[in-house]
Each structure stands twice: as C-alpha cells, then as structure tokens.
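Colleague: Below, each chain spelled out in residue letters.
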Amino acid sequence: MKLQIKRLLSQIILFFSANLGYPGYPGLKTGFCYPFFYCQACPAATSACPLRSLEQSVDKGSFAWRLFLFPLLIIGFLGILTGRAVCSWACPIGLLQRGTGRIARKVKKTHLAKKLGTHKAEKYFRYTKYVILISLVFVTSYLIGFIFTDICPVGFLTGTIPVLLLNPGKFVPNFFFPIALVIFVLFIILIFIIERGWCRYFCPVGALLGPFNKISFYHIAVEKTECLHCNVCSYECPMGIDVPNMHRDPECILCGKCVTACPHELITFERKGQ
Amino acid sequence: MKKFLALQICALLLVSGALGGMFAFTSVYNEVRSGIVLVLCLSCLKLEPKTNAEFTFNTADDRPHADFVLENLSQGPVFLHYSGDACAGCDVMYPVIKELFSVEFGKQDMFSTIVTFENTSVAYIYVNIHHTIDELRDAQVIYDKDHIGGIPMFTVVTLGYDNGDVKPKYTTLYGTLATYGCDTDAQRLVFLQQLMDQSIEMYEQNKPGYQHQ
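Sequences listed follow chains H and C, in order. To convert, note that position 210 of the first sequence is 210 in the working numbering; the numbers rise steadily by one, no gaps. All you need for the working numbering is the position in the second sequence, starting with 1, plus 274.
Hint data in this document are derived by calculation from the structure and do not stem from the laboratory. One or more of the hints may lead you astray.
With a cut-off of at most 27 Å between alpha-carbon atoms, the simulated DSS-like pairs for lysine-lysine come out as follows [as the list claims (entries may be wrong)]:
hint, chain 1, residue 1, chain 2, residue 2
1, H, Lys170, C, Lys481
2, H, Lys120, H, Lys2
3, C, Lys276, H, Lys224
4, H, Lys2, H, Lys170
5, H, Lys60, C, Lys381
6, H, Lys214, H, Lys6
7, C, Lys277, H, Lys60
8, C, Lys277, H, Lys272
9, H, Lys29, C, Lys324
10, H, Lys214, H, Lys272
11, C, Lys372, H, Lys272
12, C, Lys372, H, Lys214
13, H, Lys224, H, Lys120
14, H, Lys224, C, Lys324
15, H, Lys214, C, Lys276
16, H, Lys272, H, Lys2
The task is simple: from the sequences and hints, build the whole structure.
Modeller: As structure tokens, then:
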C-alpha cells in the first residue's frame with residue numbers, strides 16, 4: 001500500500017477513535033489527554049485537550065503538578081518515539097488541512113506567495129507557535145486567568161460549532177464568541193492560503209511536539225553526500241522545509257511526502273540513531 | 275551513535291516510567307476525566323445555555339436527591355454553587371455569589387456554611403469540581419436540569435407541594451446568567467436575590483408538611 005494512502009487511513013481511523021464519546025454511541029469518555037489538537041468540548045470527544053490540562057494546572061497563580069505533567073508525558077512519550085509524526089498521522093486538524101492543502105498548493109504558485117514564502121523573516125515567524133504556547137497557555141493563565149481555550153479556533157471548530165448544530169436554539173453566544181469567531185475565520189482563511197499554515201505558525205501542540213524531533217527514534221534522514229539538490233522534496237514538503245539541508249528539523253511532521261517524491265530514493269524513514 | 279541511542283532509550287524509559295507511575299500512584303486519570311472531559315467550562319465553549327429558571331421536582335434522569343442536600347433541606351433551602359479552575363464564567367460569578375451570601379472563601383477551597391438570608395437559614399455549598407470530593411462532584415449530574423454538563427452552575431433546592439406530598443423542588447441556572455438578561459454584576463445579584471426570595475417563600479409555605487426520611 002502506498003505511504004500516503006496508509007497515512008490517510010491512519011488519520012481517518014484516529015479521527016473516529018478520537019470521537020467515540022458521543023453519549024450512547026458508544027459514550028467512551030476517558031481521562032487521557034489527546035497527544036494532538038482536539039477539543040474536549042466536542043460532543044463526541046473521548047479525551048481532554050492537552051492545552052486545557054496545562055492551562056488548568058497553572059490557573060491564576062496556582063500549580064497542579066499532576067495536570068501539568070500528565071499531558072507533557074503523554075506528548076513526550078509519543079514525541080520520543082515518533083517525533084512530530086502525530087501531526088501528520090493522527091491529528092484531526094492535520095486531516096482537515098490535508099483537505100484544504102490542494103487549494104493552498106495552487107495559491108503557493110502565485111508570485112506574492114513565492115515572495116512571502118522565501119522571505120528571510122518567514123523562518124522567524126515559525127516561532128509564533130512557541131510564543132503562543134508560552135504566553136497564552138502558561139503566562140496569561142498563571143497571571144490573569146485568561147486562557148487560550150477561550151479564543152481557540154480549533155475549539156470553535158470542533159466544540160462550539162457541533163454543539164450549536166446538535167442543540168439548535170439551546171445556546172446563545174457568550175462574551176468570547178465574537179473574538180473566537182474572528183480568529184476562527186482567520187484560521188479558515190489561513191489553512192486555505194498556506195499549506196499547513198496552522199501547523200507551521202500557530203499550533204501550540206505542534207510547539208510541544210516539535211523539539212522531540214531532535215531526539216525521536218523515528219525520523220527522516222537525507223543522504224546529503226549524494227543529494228543532487230533538485231529540490232523536488234522541498235517543493236512537495238507541506239511544511240515548507242528546505243529538505244536537502246534538513247537534519248531533525250522541529251518543523252518536520254514526518255508525512256513522508258519527501259520520501260515518496262525523491263527521484264533517487266535518498267530520503268528515508270529511519271528508526272533509530274542520528 | 276551509541277551515545278545518542280543510549281540518550282534516546284534513557285529519555286524513553288524516564289518518560290514512560292513517569293507516565294506509568296502517574297497512572298499507578300496518582301488520581302490524575304480521574305481528575306482529567308471528571309474535571310475536564312465530563313464537565314465542560316461553558317466560557318471555553320464560548321456559549322451560554324438558554325434555560326428557564328422554573329422550579330421542578332424531576333431530577334436529571336430521575337436520579338435520587340443527594341443525601342447531603344436532603345440533610346440540609348430540613349433547615350432551609352440549599353444553594354449549590356458549582357465552579358472550577360481556568361473558567362472565565364466561574365470567575366465572573368464568584369464575587370457575585372460571595373456578595374449575595376456575604377461569605378468569604380478561596381476559589382479552590384471546599385466551603386459550605388449556613389447563612390441567614392431574609393431571616394431564613396440557607397445552606398450554601400460551594401463546589402469547585404477540580405478540588406472536591408466525589409459525593410459533591412457527583413451531585414452535579416443530579417441537578418443538571420437541562421443536561422448541559424457545564425460550569426458555572428447554580429442550583430437552588432427548596433420544598434414544593436406535589437399531589438399531597440411535600441417534596442424537594444429545585445431549579446438550576448448556568449453560565450453568567452446572560453440569558454436571563456443579566457449583563458452586569460448588579461443585575462446578576464438582583465436576579466439571584468429574587469430567586470432566593472422565591473425559594474424561601476416556597477420553603478416557608480411547605481415546611482410544615484416536610485418529613486425528611
């Protein structure tokens with residue numbers, strides 16, 4: 001079976017696995033945290049968003065070490081084994097962006113997108129997700145009680161919208177709704193104009209997983225000495241990585257598109273070592 | 275190469291050991307399940323439920339009333355205040371409730387007291403679902419009248435007359451009371467005062483016929 005078909009199957013199966021919590025169908029509500037970005041407010045969610053647990057652990061100057069460590073250890077366990085592969089093989093938001101990626105790839109060919117995509121500031125912009133993770137998940141939660149979850153576009157998509165659709169007329173928007181709606185619209189625009197735009201620049205869960213690429217067993221290796229620098233791999237990469245010069249890049253989501261694309265089979269999945 | 279592999283194996287053993295230890299020796303699994311997955315923070319959902327404040331005899335799914343509520347009900351109405359950590363809606367309502375009953379307590383405390391409200395004893399029970407005991411947390415489902423499953427939630431239990439019997443009668447409100455037209459703390463306070471007055475009136479009318487079993 002082709003690698004990308006395997007990945008699609010994995011994404012679909014894990015999407016359904018993440019949604020076994022709808023009351024009665026079968027109503028599986030666990031005490032795990034997802035290792036990816038998905039909201040416990042989804043009526044069918046089986047587990048908790050890792051960010052929610054982290055926010056709760058540092059609520060307004062308090063510190064609950066169990067809620068702090070638990071999601072980090074779940075993410076760390078998978079991160080050490082597979083790095084950021086969770087983003088491309090399991091995350092439902094990754095699956096969504098796979099769907100919007102076709103349009104984003106067309107946009108990528110425009111002059112403006114090429115110019116912006118190759119701008120030297122682009123690589124620094126990728127640190128935004130780390131800033132969001134530290135500031136909105138930890139600092140504001142600790143200092144003033146404002147949490148990322150209140151304005152989260154993924155929560156809006158997977159929690160708020162399904163709840164509104166399943167319970168027509170039962171809920172009205174609260175004070176966070178307008179802000180979250182604006183951010184959600186920007187999120188939708190983003191994933192249609194930049195391939196994996198959310199994962200690249202803004203995903204705080206991706207920021208948690210990214211550093212594990214440096215030590216993960218499973219990773220992508222490039223045979224640099226024999227590489228012809230044809231850049232087919234870089235063009236295929238949904239994360240916009242300079243693949244021939246990549247070594248355990250925190251941005252790599254191990255989707256394997258470069259592995260499939262390399263005409264000389266110089267890019268491979270490796271299971272251990274450097 | 276070997277050093278790096280050793281580092282990877284050490285990291286994996288450390289993380290998996292710590293994770294296994296957390297499952298085996300702490301209650302974190304139950305904390306996440308009961309405090310995050312099963313009970314939602316309504317402000318995180320960005321929604322307020324549209325419910326009515328009418329009193330009813332029927333508990334959610336016809337579950338029996340909680341023992342601690344029935345015990346307190348022989349003295350006066352019972353006010354249950356469900357709140358939680360990292361919940362903006364809870365933070366909005368927290369000072370309003372403190373002012374309503376003139377009480378002072380920490381957000382993460384387990385707190386209950388008998389207050390005098392309009393010359394009647396009212397049992398006020400504060401439940402932060404992230405820092406409480408199972409008995410109090412489980413009672414939330416009983417009084418979740420509209421099956422919202424979210425916090426903040428407020429339940430007033432009083433007495434009502436039903437086909438020859440005096441029985442516990444209750445109502446439950448959710449969120450920051452925006453759906454009842456309350457947008458400021460003052461409006462929330464007035465609304466809750468009126469609700470308490472109503473519950474006290476019902477209690478006084480039905481108290482002579484109440485027999486706590």
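Colleague: Look at each hint and say if it fits the structure.
Modeller: Comparing the hints with the structure gives:
Only pairs whose Cα atoms come within 27 Å are accepted, and H:Lys170 paired with C:Lys481 is rejected, the gap being roughly 34 Å. Distance check on the hinted pair: H:Lys120 and H:Lys2 sit about 35 Å apart at the alpha-carbon level, beyond 27 Å; violated. For the proposed pair C:Lys276 and H:Lys224, the alpha carbon gap of about 21 Å is at most 27 Å, so the pair holds. Among the hinted pairs, H:Lys2 with H:Lys170 is inconsistent with the structure: their alpha-carbon atoms are about 46 Å apart, more than 27 Å.
Among the hinted pairs, H:Lys60 with C:Lys381 is consistent with the structure: their alpha-carbon atoms are about 10 Å apart, no more than 27 Å. Restraint check: the Cα-Cα separation between H:Lys214 and H:Lys6 comes to about 25 Å, which is no more than 27 Å; the hinted pair holds. Restraint check: the Cα-Cα separation between C:Lys277 and H:Lys60 comes to about 42 Å, which exceeds 27 Å; the hinted pair is violated. The straight-line distance between the Cα atoms of C:Lys277 and H:Lys272 is roughly 12 Å, inside the 27 Å bound, and the hint therefore holds.
For the hint linking H:Lys29 to C:Lys324, the alpha-carbon distance of about 25 Å falls within 27 Å, and the restraint holds. For a cut-off of 27 Å, the pair hint linking H:Lys214 to H:Lys272 stands: about 12 Å separates their Cα positions. The hinted pair formed by C:Lys372 and H:Lys272 fails the criterion: a straight-line CA distance of about 58 Å is larger than 27 Å. Simply put, C:Lys372 and H:Lys214 have alpha-carbon atoms about 50 Å apart, too far for the 27 Å limit, and the pair is violated.
The suggested pairing of H:Lys224 with H:Lys120 holds, with an alpha-carbon distance near 23 Å, which does not exceed 27 Å. Distance restraint check for H:Lys224 and C:Lys324: the Cα-Cα separation of roughly 61 Å exceeds the 27 Å cut-off, and the hinted pair is therefore not satisfied. Using a Cα cut-off of 27 Å, the hinted pair H:Lys214 and C:Lys276 holds, with the two alpha carbons roughly 16 Å apart. Of the pairs offered as hints, the one joining H:Lys272 and H:Lys2 holds, with about 23 Å between alpha carbons and a cut-off of 27 Å not exceeded.
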